[in-house]
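S.K.: These protein sequence lines are chains A and B, in that order. Under our numbering, the letters of the first sequence match residues 1 to 141, in that order. Under our numbering, the letters of the second sequence match residues 1001 to 1141, in that order.
Hints were generated in silico from the structure; no laboratory data involved. Errors might be hidden in some of the hints.
Said to hold, decoys possible - Only pairs whose alpha carbons sit at most 30 Å apart, straight line, appear in this in silico DSS-like list of lysine-lysine:
no., chain 1, residue 1, chain 2, residue 2
1, B, Lys1003, B, Lys1066
2, B, Lys1091, B, Lys1003
3, A, Lys66, B, Lys1003
4, B, Lys1091, A, Lys91
5, A, Lys3, B, Lys1066
6, A, Lys91, A, Lys66
7, B, Lys1091, B, Lys1060
8, A, Lys3, A, Lys91
9, B, Lys1066, A, Lys66
10, A, Lys66, A, Lys3
11, B, Lys1003, B, Lys1060
12, A, Lys60, A, Lys91
13, A, Lys60, A, Lys3
14, A, Lys60, B, Lys1060
15, B, Lys1066, B, Lys1091
As the list claims (entries may be wrong) - Chain B is faced by these chain A residues, among others (derived, beta-carbon under 8 Å):
no., residue
16, Asp43
17, Trp78
18, Gly110
19, Gly112
20, Asn136
Stated by the list, open to error - Label pairs and their calculated CB-CB ranges:
no., chain 1, residue 1, chain 2, residue 2, range
21, B, Thr1092, A, Gly85, 48 to 58 Å
22, B, Ser1138, A, Gly45, 16 to 26 Å
23, B, Asp1025, A, Phe5, 38 to 48 Å
Predicted model, so just to flag it, every value in this text is computed and none were measured. Where a beta carbon is used, it is the ideal one built from N, C-alpha and C, also for glycine.
2 protein chains.
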Amino acid sequence: MQKAFFQSIETSSCETRFPLDTFLDNLTFNEQGLIPVITQQHDTGQVLMMAWMNSEAIQKTLSSGKMTYWSRSRQAFWVKGETSGNTQTLKTMRIDCDGDALLCLVDQQGGGACHALRSNCFYFDVDAASASVVVNESQPS
Amino acid sequence: MQKAFFQSIETSSCETRFPLDTFLDNLTFNEQGLIPVITQQHDTGQVLMMAWMNSEAIQKTLSSGKMTYWSRSRQAFWVKGETSGNTQTLKTMRIDCDGDALLCLVDQQGGGACHALRSNCFYFDVDAASASVVVNESQPS
Chain A
1 MQKAFFQSIE TSSCETRFPL DTFLDNLTFN EQGLIPVITQ QHDTGQVLMM AWMNSEAIQK
61 TLSSGKMTYW SRSRQAFWVK GETSGNTQTL KTMRIDCDGD ALLCLVDQQG GGACHALRSN
121 CFYFDVDAAS ASVVVNESQP S
Chain B
1001 MQKAFFQSIE TSSCETRFPL DTFLDNLTFN EQGLIPVITQ QHDTGQVLMM AWMNSEAIQK
1061 TLSSGKMTYW SRSRQAFWVK GETSGNTQTL KTMRIDCDGD ALLCLVDQQG GGACHALRSN
1121 CFYFDVDAAS ASVVVNESQP S
């Protein structure tokens, strides 16, 4: 049971060090073998996108330093920016307290993280008071 | 097809306004009826946690202003902080470009977002160079 591993170390002191393989072996992947990945610009804190990795995509990302997701629509590895030039260089990969999500701090190159030509994918703001949704960013002209 | 709706509006100008119900009807939920939610502290940009909401949890969060997730382990609504006091007040809910992820900017009350008594859930840093993982934050003493 993967969660048991994370429970067993949740009171660990700052700076405690563990073997990476033990962590990777205890991550929780969904039925498609995927784990959700939050991608955040390392210096501004802007959340750029959310996507998915399988075990091999994690290894590829760590070894290459280039964010490499698993595309669910194409069922293939997806080196972010390989065609657009908008690559993402990994600065720090973090694992959450129960091993079922990743947070990657990156440096986003090029025009932005989103396929819709915006800086980030979260460009729809909910305005609950007026029961509407508002676009919060222009596309580049 | 939910994604078609999002494709049809991806070139919308900044400030374009849509009915909220149309968005909620076109979100993509997984086989369990859930959508991933990234929770970020609104003023510092710290990513606090990742969790899940179903359609009703989204409505409850919007109407109450208190982050209300769906607990997969308990199979029940989970008003964050209801027992611990570490509630999260919603500032802004954002929807991503293809309607399969939410980003919630919140104000975290109390000791922190994580059940393991840390400010946030992402307290394991991967150090690929040494093939290890390092705890990046102390627990409060």
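S.K.: Next step is simple, just say for each hint if it's right about the structure.
M.R.: Quick rundown of the hints versus the structure:
1. B:Lys1003 - B:Lys1066: holds (28 Å)
2. B:Lys1091 - B:Lys1003: This hinted pair holds, its Cα atoms lying about 26 Å apart.
3. A:Lys66 - B:Lys1003: holds (27 Å)
4. B:Lys1091 - A:Lys91: holds (28 Å)
5. A:Lys3 - B:Lys1066: Between Lys3 (chain A) and Lys1066 (chain B) the Cα gap is close to 27 Å, so the pair holds against 30 Å.
6. A:Lys91 - A:Lys66: With a Cα-Cα distance of about 9 Å, the restraint between Lys91 (chain A) and Lys66 (chain A) holds, given a limit of 30 Å.
7. B:Lys1091 - B:Lys1060: Holds: Lys1091 (chain B) and Lys1060 (chain B) sit about 14 Å apart, inside 30 Å.
8. A:Lys3 - A:Lys91: With Cα atoms ~26 Å apart, Lys3 (chain A) and Lys91 (chain A) stay inside 30 Å; holds.
9. B:Lys1066 - A:Lys66: violated (37 Å)
10. A:Lys66 - A:Lys3: holds (28 Å)
11. B:Lys1003 - B:Lys1060: It holds: about 24 Å lies between the C-alpha atoms, which stays within 30 Å.
12. A:Lys60 - A:Lys91: At roughly 14 Å apart (the allowed maximum being 30 Å), Lys91 (chain A) and Lys60 (chain A) satisfy the hint.
13. A:Lys60 - A:Lys3: holds (24 Å)
14. A:Lys60 - B:Lys1060: violated (39 Å)
15. B:Lys1066 - B:Lys1091: Measuring from Cα to Cα gives roughly 9 Å; hence the hint holds.
16. Asp43: With a minimum Cβ separation of about 10 Å from chain B (threshold 8 Å), the hint on Asp43 (chain A) is violated.
17. Trp78: violated (14 Å)
18. Gly110: Violated - the Cβ of Gly110 (chain A) stays beyond 8 Å from chain B, reaching only about 16 Å at its closest.
19. Gly112: violated (11 Å)
20. Asn136: The hint holds - Asn136 (chain A) has a Cβ within 8 Å of chain B, the shortest such distance being about 7 Å.
21. B:Thr1092 - A:Gly85: 48 to 58 Å: violated (30 Å)
22. B:Ser1138 - A:Gly45: 16 to 26 Å: Once the Cβ atoms are compared, 22 Å apart, the range 16 to 26 Å for Gly45 (chain A) and Ser1138 (chain B) holds.
23. B:Asp1025 - A:Phe5: 38 to 48 Å: For Asp1025 (chain B) and Phe5 (chain A) the Cβ distance comes to about 40 Å; the hint holds.
The structure fails to meet hints 9, 14, 16, 17, 18, 19 and 21 from the earlier list, while all remaining hints are met.
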